[in-house]
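Engineer: Below are the chains, spelled out letter by letter.
Number of protein chains: 2
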Amino acid sequence: MTTSLRALSLRALVLGAAAGGGLPQWNCGCDNCNAARAPAGDIKPQTQSSLAVSANGDQWAILNTSPDIRQQLSAHQVLYPKKVRHTPISSVLLTNGDIDHIAGLLILREKQPFTVFATETILDVISANPIFNALDRILVTFTSVQLDQSFELVSGVQATLFAVPGKVPLFMEGETVDTQLEGEQTVGVRLAGAGKTMFYIPGCAAITTRLADMLTGADCVFFDGTVYENDEMQATGTGTKTGARMGHMAMNGEHGSMAAFVPLNVERKIYVHINNTNPVWNPASAEHATIRSAGWEIAQDGLEVTL
Amino acid sequence: MTTSLRALSLRALVLGAAAGGGLPQWNCGCDNCNAARAPAGDIKPQTQSSLAVSANGDQWAILNTSPDIRQQLSAHQVLYPKKVRHTPISSVLLTNGDIDHIAGLLILREKQPFTVFATETILDVISANPIFNALDRILVTFTSVQLDQSFELVSGVQATLFAVPGKVPLFMEGETVDTQLEGEQTVGVRLAGAGKTMFYIPGCAAITTRLADMLTGADCVFFDGTVYENDEMQATGTGTKTGARMGHMAMNGEHGSMAAFVPLNVERKIYVHINNTNPVWNPASAEHATIRSAGWEIAQDGLEVTL
Numbered sequence: 678m679t680t681s682l683r684a685l686s687l688r689a690l691v692l693g694a695a696a697g698g699g700l701p702q703w704n705c706g707c708d709n710c711n712a713a714r715a716p717a718g719d720i721k722p723q724t725q726s727s728l729a730v731s732a733n734g735d736q737w738a739i740l741n742t743s744p745d746i747r748q749q750l751s752a753h754q755v756l757y758p759k760k761v762r763h764t765p766i767s768s769v770l771l772t773n774g775d776i777d778h779i780a781g782l783l784i785l786r787e788k789q790p791f792t793v794f795a796t797e798t799i800l801d802v803i804s805a806n807p808i809f810n811a812l813d814r815i816l817v818t819f820t821s822v823q824l825d826q827s828f829e830l831v832s833g834v835q836a837t838l839f840a841v842p843g844k845v846p847l848f849m850e851g852e853t854v855d856t857q858l859e860g861e862q863t864v865g866v867r868l869a870g871a872g873k874t875m876f877y878i879p880g881c882a883a884i885t886t887r888l889a890d891m892l893t894g895a896d897c898v899f900f901d902g903t904v905y906e907n908d909e910m911q912a913t914g915t916g917t918k919t920g921a922r923m924g925h926m927a928m929n930g931e932h933g934s935m936a937a938f939v940p941l942n943v944e945r946k947i948y949v950h951i952n953n954t955n956p957v958w959n960p961a962s963a964e965h966a967t968i969r970s971a972g973w974e975i976a977q978d979g980l981e982v983t984l
Numbered sequence: 678m679t680t681s682l683r684a685l686s687l688r689a690l691v692l693g694a695a696a697g698g699g700l701p702q703w704n705c706g707c708d709n710c711n712a713a714r715a716p717a718g719d720i721k722p723q724t725q726s727s728l729a730v731s732a733n734g735d736q737w738a739i740l741n742t743s744p745d746i747r748q749q750l751s752a753h754q755v756l757y758p759k760k761v762r763h764t765p766i767s768s769v770l771l772t773n774g775d776i777d778h779i780a781g782l783l784i785l786r787e788k789q790p791f792t793v794f795a796t797e798t799i800l801d802v803i804s805a806n807p808i809f810n811a812l813d814r815i816l817v818t819f820t821s822v823q824l825d826q827s828f829e830l831v832s833g834v835q836a837t838l839f840a841v842p843g844k845v846p847l848f849m850e851g852e853t854v855d856t857q858l859e860g861e862q863t864v865g866v867r868l869a870g871a872g873k874t875m876f877y878i879p880g881c882a883a884i885t886t887r888l889a890d891m892l893t894g895a896d897c898v899f900f901d902g903t904v905y906e907n908d909e910m911q912a913t914g915t916g917t918k919t920g921a922r923m924g925h926m927a928m929n930g931e932h933g934s935m936a937a938f939v940p941l942n943v944e945r946k947i948y949v950h951i952n953n954t955n956p957v958w959n960p961a962s963a964e965h966a967t968i969r970s971a972g973w974e975i976a977q978d979g980l981e982v983t984l
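Which chain is which? The protein sequence lines are A and B, in order. Going by our numbering, the first residue of the first sequence is number 678, and it counts up by one from there. Going by our numbering, the first residue of the second sequence is number 678, and it counts up by one from there.
Just so you know, these hints were derived from the structure itself, not from any lab. Treat the hints with care, as some may be off.
Treat identical chains as interchangeable: a pair holds within one or across any two.
[What the hints assert, rightly or not] In silico SDA-like cross-links for lysine to any residue, where the CA-CA straight-line distance does not exceed 25 Å:
id, residue 1, residue 2
1, Lys-721, Glu-981
2, Lys-918, Leu-984
3, Lys-760, Ser-804
4, Lys-873, Ser-751
5, Lys-759, Asp-719
Build out the structure end to end from the sequences listed, making use of the hints.
Structural biologist: Spelled out as structure tokens, the structure:
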């Protein structure tokens, strides 16, 4: 064995800060999307939800594979191949079965070995779709992970999945939808490495007492920032669903994430999975100012956090 | 009825000129991919295979929905929404069931009405995967198209699908694979509008006598440019499959497309669906010079053809 001379740290690189649809979304002409289409505007385009994590900078795990993953991997030199067929990506972790988190697997199909970690329930979503057979099972290992049990996600980083309130993927919804399910279909991730802890929770319908306890004192939390107000899509004329109906708690309000985090003493709080309708994208908005005053950051594509 | 004052033409806009994987491909460190990652290099990045077609410039059909479609639609103002929820895209046409041609449907899922045209065989590939239920069937109409029968693809443009030699999608391959199947699984498209004819054939294993007859005298043909030589992936160390094994005829050689087109008297011949390994991407290569001398163009993202 060789001893690495590289100091370990817990590194996270935001590959995509937006929620499903991205910013701009293909069929959306809301103010944010129009601004994101303007060259050199105040609102920069953002790709769909994904985070890359590493301890040594050489091997990386991708937390959620967005449909934009080809563009995302092209944007970051640390994720370039080092020889004629190669990738620094050693594993993928999925936190739910939504399209914005699993469709990118279809891009990672070129005879490349890596491991996909997810709960059995999420792996079942994938195996129910033969299109994912494009990933050669001889090379790509699908490993089911138990909730609340730690495993090595990538060299130097331990991960633990835990249930958070949420729902099944949109394309599997039936007549009625339980948006506060707690099980294997929507999970958060605790990451531990280099003596630090980081949480990644891109979808969460409510902060339970148990979740609040887990997050207390964390060094960094990436948290569900889908909507600012629960009725935001209705108010902007972009849709009929509330945040709650989509399985996402709002940032604002008595039951919102800003209020819930106040007592948790989290060192760095960063919103991710931000919908294109969310006014916080606009740096000149009152909502942006409000979350900044509350100690929150807004993720952007390319944001790096090193603990 | 109002009379349009806009002169009609047959317009094609190349949304993506590369084959599956794109240029650069996520896990490929070949010379072309490395050059495409370099800023301001001679080889420009290219997205995956797709063509947009219109007669009036207001309503568009997308021929093949690549995984890069979000990025592609963001790049072209004519495809931007005109109001808060809108798209100029009125239809999608699929020429086979490969991931690089169907995965982009998952992006077009945001409660937007349009029509998907394809053969019954290709629609069956989609319906075998519940993930495509994300497209609300109340809004998105899947219309099966008979081979060799003309239909209106988009206002002012008639399309006719015809069988070309090919194979089933990679993710549906069994123990043995017929790479010269002629049926509904791989089709070419004849487009007619404004008194002009254009062909779009991004995958084709061989030019049959029937196909040669159809193409003779066409105003414009977009044709399968996956590989320059049949053994190109082996020669570049990027893979073990030949072009023929992938269902694609080579550009070069006695049985290649350059030779086959010589007697066909096609006005404009444009290679599309070009693999990242293909030396024609390099404008300084001998292969690039050879195909240019043979009267061929190499598509690039954003190339527009107006007939």
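Engineer: Against this structure, judge whether each hint is valid.
Structural biologist: Evaluation of the provided hints:
In the homo-oligomer, the alpha carbons of Lys-721 and Glu-981 lie at most 25 Å apart inside one protomer (17 Å), although the nearest pairing across protomers, at 27 Å, exceeds that limit. With identical chains, the CA atoms of Lys-918 and Leu-984 are never at most 25 Å apart, being 37 Å at best within one copy and 44 Å at best between copies. For a Cα distance limit of 25 Å, the shortest separation of Lys-760 from Ser-804 qualifies neither inside one copy, at 31 Å, nor across copies, at 38 Å. In the homo-oligomer, the alpha carbons of Lys-873 and Ser-751 never lie at most 25 Å apart, since the shortest distance is 29 Å inside one protomer and 39 Å across protomers.
Taking identical chains as interchangeable, the C-alpha atoms of Lys-759 and Asp-719 lie at most 25 Å apart only when they sit on different chains, with a minimum of 21 Å there against 35 Å within one chain.
Checked against the numbered hints above, the structure breaks hints 2, 3 and 4 and satisfies the rest.
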